[in-house]
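> Could you build all of it, start to finish, from the sequences and the hints given here?
In the numbering used here, the protein residues as written are 85 to 165.
Hints should not be assumed to be uniformly reliable.
The following label-pair restraints were derived from C-beta to C-beta distances [unchecked claim]:
{"no.": "1", "residue 1": "THR131", "residue 2": "LYS91", "range": "37 to 43 Å"}
{"no.": "2", "residue 1": "GLN96", "residue 2": "ARG128", "range": "42 to 48 Å"}
{"no.": "3", "residue 1": "ARG98", "residue 2": "PHE146", "range": "27 to 33 Å"}
{"no.": "4", "residue 1": "GLN96", "residue 2": "THR120", "range": "34 to 40 Å"}
{"no.": "5", "residue 1": "ARG128", "residue 2": "PHE154", "range": "39 to 45 Å"}
{"no.": "6", "residue 1": "PHE154", "residue 2": "ALA126", "range": "37 to 43 Å"}
{"no.": "7", "residue 1": "ARG150", "residue 2": "GLU123", "range": "30 to 36 Å"}
Since the hints were made in silico from the structure, they are not lab data.
Glycine is no exception: its CB is placed at the ideal position from the N, C-alpha and C atoms.
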Amino acid sequence: MVALKLKEMSKQERINIIIVFALLGAAVAVGIFVGTNEEWIASRNFTAGYMAGSLLAAVVLFSIYRSIAFIFEKMGGSHKK
Numbered sequence: 085m086v087a088l089k090l091k092e093m094s095k096q097e098r099i100n101i102i103i104v105f106a107l108l109g110a111a112v113a114v115g116i117f118v119g120t121n122e123e124w125i126a127s128r129n130f131t132a133g134y135m136a137g138s139l140l141a142a143v144v145l146f147s148i149y150r151s152i153a154f155i156f157e158k159m160g161g162s163h164k165k
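What follows is the structure in structure tokens.
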């Protein structure tokens, strides 16, 4: 079912899906790292550290992605027409 929907998507939509899952995976990895680092967050507060780390990582990575996309669009490298 999902494979059929992916085949119907344009190349740009597939790239966007890949970027979203990559950002999500990176945010989860950073959240786990922050949550398990006892120098920053007490072990009893793992959930709070995980959520804060994940949220911050997702926001920063998404803003970097949008900045790069904006630069490419201004340089004329945009494939949207």
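> Would you mind marking each hint as holding or not holding in the structure?
Consistency of the hints with the structure:
1. The hinted range of 37 to 43 Å is satisfied by THR131 and LYS91, whose Cβ atoms lie roughly 39 Å apart.
2. In this structure, GLN96 and ARG128 meet the distance hint of 42 to 48 Å, their C-beta atoms being roughly 45 Å apart.
3. At about 18 Å, the CB distance of ARG98 to PHE146 disagrees with the hint of 27 to 33 Å.
4. Taking the beta carbon of each, GLN96 and THR120 are about 37 Å apart, inside 34 to 40 Å as hinted.
5. Separated by about 41 Å at the C-beta atoms, ARG128 and PHE154 satisfy the suggested range of 39 to 45 Å.
6. Taking the beta carbon of each, PHE154 and ALA126 are about 39 Å apart, inside 37 to 43 Å as hinted.
7. Separated by about 31 Å at the C-beta atoms, ARG150 and GLU123 satisfy the suggested range of 30 to 36 Å.
The structure does not agree with numbered hint 3 stated previously, though it agrees with all others.
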